[in-house]
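> If you want the building blocks of each chain, they are given just below.
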Amino acid sequence: MLELKTQGLKGVKVLNLSGRFVAHTAPQVREWLLNAAQKAPARVIVDLGGVNFLDSQAIGTLVQGMKRCREQGGDLYVCGLQQPVRVIFELMRLDMAFKIFENVEEALDAFQHTESAVDA
Amino acid sequence: MLELKTQGLKGVKVLNLSGRFVAHTAPQVREWLLNAAQKAPARVIVDLGGVNFLDSQAIGTLVQGMKRCREQGGDLYVCGLQQPVRVIFELMRLDMAFKIFENVEEALDAFQHTESAVDA
Amino acid sequence: MSELVELTIPAKHRYTEVVRACLQAFLEQIPGMAETDTFHFLLFVVHEACTNVIQHAYDKGLKGATVTVKTAVDEQTGQLVIELRDGGHSFDPLLADWPPPSSWQKETHNHQIAYRLLSVPEPDPLWETSRGLYFMAQVFDEVLYLPEEGNNRWIMMKELDLVAASESGKTILWS
Amino acid sequence: MSELVELTIPAKHRYTEVVRACLQAFLEQIPGMAETDTFHFLLFVVHEACTNVIQHAYDKGLKGATVTVKTAVDEQTGQLVIELRDGGHSFDPLLADWPPPSSWQKETHNHQIAYRLLSVPEPDPLWETSRGLYFMAQVFDEVLYLPEEGNNRWIMMKELDLVAASESGKTILWS
Ligand SMILES: Nc1ncnc2c1ncn2[C@@H]1O[C@H](COP(=O)(O)OP(=O)(O)O)[C@@H](O)[C@H]1O
Ligand SMILES: Nc1ncnc2c1ncn2[C@@H]1O[C@H](COP(=O)(O)OP(=O)(O)O)[C@@H](O)[C@H]1O
Chain D
1 MLELKTQGLK GVKVLNLSGR FVAHTAPQVR EWLLNAAQKA PARVIVDLGG VNFLDSQAIG
61 TLVQGMKRCR EQGGDLYVCG LQQPVRVIFE LMRLDMAFKI FENVEEALDA FQHTESAVDA
Chain C
1 MLELKTQGLK GVKVLNLSGR FVAHTAPQVR EWLLNAAQKA PARVIVDLGG VNFLDSQAIG
61 TLVQGMKRCR EQGGDLYVCG LQQPVRVIFE LMRLDMAFKI FENVEEALDA FQHTESAVDA
Chain S
1 MSELVELTIP AKHRYTEVVR ACLQAFLEQI PGMAETDTFH FLLFVVHEAC TNVIQHAYDK
61 GLKGATVTVK TAVDEQTGQL VIELRDGGHS FDPLLADWPP PSSWQKETHN HQIAYRLLSV
121 PEPDPLWETS RGLYFMAQVF DEVLYLPEEG NNRWIMMKEL DLVAASESGK TILWS
Chain Y
1 MSELVELTIP AKHRYTEVVR ACLQAFLEQI PGMAETDTFH FLLFVVHEAC TNVIQHAYDK
61 GLKGATVTVK TAVDEQTGQL VIELRDGGHS FDPLLADWPP PSSWQKETHN HQIAYRLLSV
121 PEPDPLWETS RGLYFMAQVF DEVLYLPEEG NNRWIMMKEL DLVAASESGK TILWS
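Residue numbers (the working numbering), protein chains in the order written: chain D, 1 to 120; chain C, 1 to 120; chain S, 1 to 175; chain Y, 1 to 175.
Hints are supplied without guarantee of correctness; some may be wrong.
Derived DSS-like pairs: lysine-lysine, alpha-carbon spacing no greater than 27 Å straight-line [to be verified]: (1) Lys63(Y) / Lys70(S); (2) Lys70(Y) / Lys63(S); (3) Lys67(D) / Lys5(D); (4) Lys158(Y) / Lys106(Y); (5) Lys70(S) / Lys70(Y); (6) Lys12(Y) / Lys63(Y); (7) Lys70(Y) / Lys60(Y); (8) Lys12(Y) / Lys70(S); (9) Lys67(D) / Lys39(D); (10) Lys63(Y) / Lys106(Y); (11) Lys12(Y) / Lys60(Y); (12) Lys10(C) / Lys99(C); (13) Lys158(S) / Lys12(Y); (14) Lys39(C) / Lys99(C); (15) Lys10(C) / Lys39(C); (16) Lys60(Y) / Lys12(S); (17) Lys12(S) / Lys158(Y); (18) Lys12(Y) / Lys70(Y); (19) Lys67(C) / Lys99(C); (20) Lys5(C) / Lys39(C); (21) Lys106(S) / Lys70(S).
Now the in silico label distances, taken between C-beta atoms and shown as ranges [as the list claims (entries may be wrong)]: (22) Leu34(C) / Arg93(D): 54 to 60 Å; (23) Ala34(Y) / Leu34(C): 52 to 58 Å; (24) Asn151(Y) / Asn52(D): 31 to 37 Å; (25) Gly50(D) / Leu94(Y): 39 to 45 Å.
Treat the hints as calculated values from the structure; they're not laboratory data. Computed from a predicted model, the values in this text were never measured in an experiment. No residue lacks a Cβ here, since even glycine has one placed at the ideal position from N, Cα and C.
Turn these sequences into a full structure, and let the hints steer you where they fit.
Put into structure tokens, the structure is as follows:
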């Protein structure tokens with residue numbers, strides 16, 4: 001129902017999701033996120049490119065993960081929102097909570113820039 | 001629910017279907033087929049490439065159209081069967097009724113060859 | 001018997017799409033199912049069974065006519081059971097033009113007359129109709145028709161090959 | 001009221017997918033509907049309403065617990081009506097932590113106590129829960145909660161903008 005693929009790219013953990021991100025599939029994501037957010041600086045990208053449906057449990061999971069990442073001096077960026085997901089993000093004003101990008105590359109770029117800002 | 005696109009190619013009438021080809025959408029196809037089969041030689045290709053579901057009413061419609069075409073010295077070829085459609089054709093041994101092709105080009109080729117056989 | 005999904009639609013062709021969507025979502029819960037030919041066959045025959053009800057049992061177009069489809073999988077045996085119920089008129093399968101009477105076996109099912117669909121002769125590929133019951137007999141292990149007072153029921157059963165799924169344990173079966 | 005589709009599922013999260021599939025197929029019958037944002041909102045909020053029932057009304061996990069979803073469109077007014085029924089325990093919206101009591105209006109509906117969901121304050125984007133009822137209030141024109149003896153009902157209504165569709169005549173509406 002929900003497929004998780006993960007990779008590490010330039011010090012960022014990328015989680016690619018496909019399928020339905022809902023109440024009964026969210027716990028796997030929650031587990032992965034809490035684990036990924038354990039060590040500072042916790043930089044995570046959640047690629048929703050393959051997600052055609054998500055619910056408020058899924059949103060809660062992302063918010064929780066994002067807060068953990070920020071606690072660990074990092075952040076959680078989301079990208080690849082399809083229309084069914086985008087309209088929900090808009091209705092919920094989730095752009096106030098998350099940095100949202102078109103795709104993984106743009107999200108990665110943004111992390112690289114944050115990094116250099118810190119390094120400088 | 002069912003989209004019909006038509007074109008004429010080298011004296012062959014091509015009907016391209018997309019969507020669900022079932023009891024309540026079949027009548028449009030029946031009408032088009034009976035019309036297309038009015039004048040000899042009635043050569044028709046039904047491209048099922050966009051059809052993800054068809055029922056026995058749809059099969060009946062195709063059989064009826066094919067018989068009319070044959071009565072008018074032509075034939076009705078089908079092509080582009082997706083898996084959900086292909087398995088039904090197999091279960092019903094519809095390869096005994098229809099000449100089945102991969103795509104419109106191959107079906108057209110077959111008509112060209114029949115034509116030259118007749119012409120020669 | 002295990003968890004049941006029950007759907008009632010108006011007896012109109014366009015609503016068979018709602019039945020298809022519902023059954024598809026139900027079957028897709030079973031890991032690996034969507035990749036099988038059986039999956040497509042099941043969607044097809046349940047559609048055929050609904051179409052038959054709409055065309056034959058409700059041919060006189062009753063107002064408020066409905067079709068109810070119940071679906072369940074017995075998680076112990078892996079048997080899929082689908083039941084259709086309509087409020088249309090009954091028919092006597094032994095008197096129908098097609099399939100031949102030898103396709104049916106009259107029996108009693110819970111003290112009630114039932115007709116069991118055995119094997120149906122293969123329809124001529126050039127026929128324009130008469131494929132529905134053949135399909136149903138081909139796809140299901142058992143098909144029972146139960147004409148009742150003001151009700152008809154069709155009970156259809158099929159063992160699903162859930163070996164691959166059940167190897168990884170029962171909890172996975174429905175995950 | 002016009003033609004009705006009724007679906008009953010076991011009160012388990014995985015079956016909300018069957019509800020989604022069914023509602024989607026129902027809404028897709030309406031020309032142009034699938035291209036609207038409303039289409040996605042509706043699939044979302046009905047899922048939320050089901051999830052709420054499973055999580056809150058059945059939090060004690062009743063055996064044989066079910067959720068029934070009825071869907072209809074009034075073809076005259078273009079109003080979509082969705083009713084959810086569960087056999088779980090009732091709650092008093094005016095005593096809940098969220099949304100605030102001012103979000104609700106207590107009234108009688110056919111001689112029965114009902115709570116009308118008015119507008120819900122926008123949840124903080126950083127909250128991890130408490131979005132469901134906000135969504136429901138945003139998407140539907142009317143939301144009524146009717147606690148009953150051993151039953152709860154949620155009635156949700158929305159005018160669909162079927163102008164484009166109805167221009168081409170009522171028969172097209174459901175073709
Ligand atoms: N649900 C039903 N109610 C009443 N009669 C039915 C039903 N299903 C099938 N029949 C009868 O059985 C016959 C054979 O059905 P079928 O094999 O599906 O072919 P078709 O529907 O194309 O005639 C029908 O013509 C009809 O007389
Ligand atoms: N169907 C329901 N049955 C019982 N209580 C409910 C139901 N729906 C909502 N509630 C109550 O209303 C509260 C707010 O619901 P909601 O806005 O969906 O947020 P959440 O479900 O995340 O708590 C719930 O916490 C619960 O107390």
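> Each of the hints needs a verdict: does it hold here or not?
Now for the hints, and whether the structure bears them out:
Of the supplied pair hints, the one linking Lys63(Y) and Lys70(S) holds, its CA atoms being roughly 19 Å apart against a limit of 27 Å. At most 27 Å may separate the alpha-carbon atoms for a hinted pair to count; Lys70(Y) and Lys63(S) meet this at roughly 19 Å. Among the hinted pairs, Lys67(D) with Lys5(D) is consistent with the structure: their alpha-carbon atoms are about 22 Å apart, no more than 27 Å. Straight-line distance between C-alpha atoms of Lys158(Y) and Lys106(Y) comes to about 20 Å, which keeps the hinted pair within the 27 Å bound.
With a CA separation close to 16 Å, the supplied pair Lys70(S) and Lys70(Y) stays within the 27 Å bound. Using a Cα cut-off of 27 Å, the hinted pair Lys12(Y) and Lys63(Y) holds, with the two alpha carbons roughly 11 Å apart. The suggested pairing of Lys70(Y) with Lys60(Y) holds, with an alpha-carbon distance near 24 Å, which does not exceed 27 Å. A distance of roughly 17 Å separates the Cα atoms of Lys12(Y) and Lys70(S); the hinted pair therefore holds under the 27 Å criterion.
Among the hinted pairs, Lys67(D) with Lys39(D) is consistent with the structure: their alpha-carbon atoms are about 13 Å apart, no more than 27 Å. Simply put, Lys63(Y) and Lys106(Y) have alpha-carbon atoms about 31 Å apart, too far for the 27 Å limit, and the pair is violated. As the CA atoms of Lys12(Y) and Lys60(Y) are separated by approximately 12 Å, the hinted pair is consistent with the 27 Å bound. This hinted pair checks out: Lys10(C) and Lys99(C) have alpha carbons roughly 19 Å apart, not beyond 27 Å.
For the hint pairing Lys158(S) with Lys12(Y), the CA-to-CA distance comes to about 24 Å; that is within 27 Å, so the pair holds. Using a Cα cut-off of 27 Å, the hinted pair Lys39(C) and Lys99(C) holds, with the two alpha carbons roughly 21 Å apart. Distance restraint check for Lys10(C) and Lys39(C): the Cα-Cα separation of roughly 15 Å lies within the 27 Å cut-off, and the hinted pair is therefore satisfied. The straight-line distance between the Cα atoms of Lys60(Y) and Lys12(S) is roughly 39 Å, outside the 27 Å bound, and the hint therefore fails.
Straight-line distance between C-alpha atoms of Lys12(S) and Lys158(Y) comes to about 24 Å, which keeps the hinted pair within the 27 Å bound. As the CA atoms of Lys12(Y) and Lys70(Y) are separated by approximately 18 Å, the hinted pair is consistent with the 27 Å bound. Our distance criterion of 27 Å between C-alpha atoms is met by Lys67(C) and Lys99(C), whose separation comes to about 13 Å. With a CA separation close to 20 Å, the supplied pair Lys5(C) and Lys39(C) stays within the 27 Å bound.
Of the supplied pair hints, the one linking Lys106(S) and Lys70(S) holds, its CA atoms being roughly 24 Å apart against a limit of 27 Å. Range check, Leu34(C) to Arg93(D): Cβ separation about 56 Å, and the 54 to 60 Å hint holds. At roughly 31 Å, the beta carbons of Ala34(Y) and Leu34(C) sit outside the given window of 52 to 58 Å. Against the hinted window of 31 to 37 Å, the Cβ-Cβ separation of Asn151(Y) and Asn52(D) comes to about 33 Å, which satisfies the hint.
Distance hint for Gly50(D) and Leu94(Y): a CB-CB separation of about 42 Å, consistent with the stated range 39 to 45 Å.
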